[in-house]
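Peer 1: As a plain string of letters, each chain reads:
There are 2 protein chains.
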Amino acid sequence: MRINEERLRSRMDAINRIAVTEEGGMMRLALSDADKTARDLLKSWIKEAGMEVRIDDLGTIQGYLPGTDPNSLPIGVGSHMDTQPNGGRYDGLFGVMSGLEAVCTLIDNGITMKSPLVVIDWTNEEGARFVPPMLASGVVAGNFDVNWVYAKEDKNGIKYVDELTRIGYMGSKSNRFEKAKAYIEPHIEQGPILDQEGYEFGIVTGALGITGLDVKIKGETNHAGTTPMRNRKDALMVAAEAMLELRKKTIEYGDPAVITMGIISASPASKNIVPGEVYFSIDMRHDNDEALTRLEQDVREIIQKVCSDNCAESHIERYWRADPVHFDEGIINASEKVANKLKIRAKRIYSGAGHDAVFINRIIPTGMLFVPSIKGMSHCPQEDTKWEDIVTGTEMLTELLIKIDK
Amino acid sequence: MRINEERLRSRMDAINRIAVTEEGGMMRLALSDADKTARDLLKSWIKEAGMEVRIDDLGTIQGYLPGTDPNSLPIGVGSHMDTQPNGGRYDGLFGVMSGLEAVCTLIDNGITMKSPLVVIDWTNEEGARFVPPMLASGVVAGNFDVNWVYAKEDKNGIKYVDELTRIGYMGSKSNRFEKAKAYIEPHIEQGPILDQEGYEFGIVTGALGITGLDVKIKGETNHAGTTPMRNRKDALMVAAEAMLELRKKTIEYGDPAVITMGIISASPASKNIVPGEVYFSIDMRHDNDEALTRLEQDVREIIQKVCSDNCAESHIERYWRADPVHFDEGIINASEKVANKLKIRAKRIYSGAGHDAVFINRIIPTGMLFVPSIKGMSHCPQEDTKWEDIVTGTEMLTELLIKIDK
Chain A
1 MRINEERLRS RMDAINRIAV TEEGGMMRLA LSDADKTARD LLKSWIKEAG
51 MEVRIDDLGT IQGYLPGTDP NSLPIGVGSH MDTQPNGGRY DGLFGVMSGL
101 EAVCTLIDNG ITMKSPLVVI DWTNEEGARF VPPMLASGVV AGNFDVNWVY
151 AKEDKNGIKY VDELTRIGYM GSKSNRFEKA KAYIEPHIEQ GPILDQEGYE
201 FGIVTGALGI TGLDVKIKGE TNHAGTTPMR NRKDALMVAA EAMLELRKKT
251 IEYGDPAVIT MGIISASPAS KNIVPGEVYF SIDMRHDNDE ALTRLEQDVR
301 EIIQKVCSDN CAESHIERYW RADPVHFDEG IINASEKVAN KLKIRAKRIY
351 SGAGHDAVFI NRIIPTGMLF VPSIKGMSHC PQEDTKWEDI VTGTEMLTEL
401 LIKIDK
Chain B
1001 MRINEERLRS RMDAINRIAV TEEGGMMRLA LSDADKTARD LLKSWIKEAG
1051 MEVRIDDLGT IQGYLPGTDP NSLPIGVGSH MDTQPNGGRY DGLFGVMSGL
1101 EAVCTLIDNG ITMKSPLVVI DWTNEEGARF VPPMLASGVV AGNFDVNWVY
1151 AKEDKNGIKY VDELTRIGYM GSKSNRFEKA KAYIEPHIEQ GPILDQEGYE
1201 FGIVTGALGI TGLDVKIKGE TNHAGTTPMR NRKDALMVAA EAMLELRKKT
1251 IEYGDPAVIT MGIISASPAS KNIVPGEVYF SIDMRHDNDE ALTRLEQDVR
1301 EIIQKVCSDN CAESHIERYW RADPVHFDEG IINASEKVAN KLKIRAKRIY
1351 SGAGHDAVFI NRIIPTGMLF VPSIKGMSHC PQEDTKWEDI VTGTEMLTEL
1401 LIKIDK
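In order, the protein sequence lines correspond to chains A and B. 1 is the number of the first residue of the first sequence in my numbering; add one for each residue after it. 1001 is the number of the first residue of the second sequence in my numbering; add one for each residue after it.
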């Protein structure tokens, strides 16, 4: 079924004109004035489509279209409209706008559904203004307490609850999207796989689990001029050796295992002192719970071995663990059938990043659909997706809603 | 010739009781009240020995003992009494006190010298309060301008010149130690070589040259979850590989070549972002000018090769270059003869650290003598030297002064 390309494009353009950085990036921090302007536009389009606007107590917006079967649970589709401080054009916005466009296309074509359809814009997905991310879906899924979220402050000390009230989007708890037949989140991949391998579309089977470690390596602080090489216990050299071993081991695990050392520091941090201590962070991810546990074990053993080989000591602390998420098999299979029917080159893929769908999956059968990100660019002005992939993804979504409704 | 061990020990103890940190370290920052107390004690002992006290316009103290030959240039001996914030018992102090003890021993034994003898306490050698180090000897040697030094401020904004005046040690330019037959600086090794190899004594042939580089490596910033390992240009992995190669290459150069990466940072410094850029510092040292130049060339080539192998870019900037220093051959040979005569197990050795002697070597024939540092500990409360090595070093110095005078 053909969507209204022009409508989809002009609506996305309208949102993406609201707040643009010097580098051409998007700047719609959650609950900011820019976010309010985007919300107001979304609300107007929901009304234009003849849908009902519902706002919950986290500020999440829902466009509600009743179904023909009074006993059928709704099908939700959406994502978020907030962005990183200098974010991309389609991250989040694609999910909300493709959901709205799919519903509008169904209406335009006079297709009625048994299930109510709900187009959703979750509040503060990015976590760029209020930390951590996915605060609204986290409350709905039972991960966070609403008052804990209300008390969250941005870097200027402004509270979530105050901004929510200020921009006029404090709604009712009874509007929370808690019970549904399905929740579908279309999103950009944010990685390079689909683009690189020539796929038009990704059927997301789950999200990688994450283990985060803080690592300290202790060697010996020494004078950079008076300590011969053979007498050093240079903590940075030990860390360098360990980090390369960790990368090698992770590559042995194969896709989708990844490991990232994002932060590093040496102390005492003087140009002419051999560093006696080094800190670095580890973020490792895998789609398989058992493999993620095994990887953590391997990582710990490698660090300990490299340290003991070099007469250094290590201290490892786990700061984070998120189990791998597996999306609903029914939705995955339905997506695959629709893709085959539409002759779309689709690949089963994992999400490496967090999404509202990851939380919502705990309470509602959930699925995600990816469109390719050109060169995998994400959270930057260079983030882009081919327009034909945006269109294909939205048409695929439309067909999927029909299939799930059956 | 036997020195007066008891006098040497009690005088050192008196200085080392002035300001002691909780960890048992010394805290005599240059021109502080603690430094003044140490200076006042030194002055009293100079007078007690019948020597004349001279202060120059940098605050450097000299105890002057006339010689029998009115045409002979003086022989200087000394070091510094200022310390690091939590420094050791013998760093600097050994040079001043062994010099004083040697002269007192000569006087006690009725030995007259042709040359005047000058015991010296240089101001602000450590550079712990006023940066950079060796400010007073640097002016005398012509490296620094005196007004530039006067204007130097400590971290509280207090000027060198104001503190010098406040503690009453502003002297006269005409008292600068500029012309001399020789300058000898006894010092602790601050490295582990003598201790490890079982020597009692080090005859310092020179000081290592230093080349300092700032290195930036540029890869690509990426999402830690969505970017497969094979798609990464992780700047920290490139840096780790380069640093290990640099260490390997430097070890191939053999002693006394050393390389230190003391500071490192990754950006954007987020636990879940693959670092797109890494900065690290390099401090490399060698006793041979040509070899130091070659090492720098090798280091640059290694970084460039590792970067190009990994599709990364590097930017390398030299922030420091100090040529290797070679001390006076006559003093080195004289020291060796004295050591042989006294049957002291002495080793020719390089200084990896900077010293006032390194500057003074530019204007006066200069030599340095090292006593062993136990386990090479330096700039910390654990710094230590066996008492018998302190005594041997002082006796050796006494004999060397006699030899140089002849």
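It cannot be assumed that every hint is accurate.
Calculated lysine-lysine pairs in the PhoX-like style (CA-CA distance at most 20 angstroms, straight line) [to be verified]:
hint	chain 1	residue 1	chain 2	residue 2
1	A	K218	B	K1375
2	B	K1181	B	K1403
3	A	K152	A	K181
4	A	K155	B	K1218
5	A	K343	A	K375
6	B	K1179	B	K1218
7	B	K1271	A	K216
8	A	K155	A	K173
9	B	K1406	B	K1337
10	B	K1043	B	K1173
11	A	K406	A	K181
12	B	K1173	B	K1159
13	B	K1375	A	K375
14	A	K271	B	K1216
15	A	K343	A	K114
I should point out that these hints are in silico values taken from the structure, not numbers from a laboratory. Predicted model, so just to flag it, every value in this text is computed and none were measured.
Peer 1: Would you pick out the hints that fail for this structure and give their numbers low to high?
Peer 2: 3, 4, 5, 6, 8, 13 and 15
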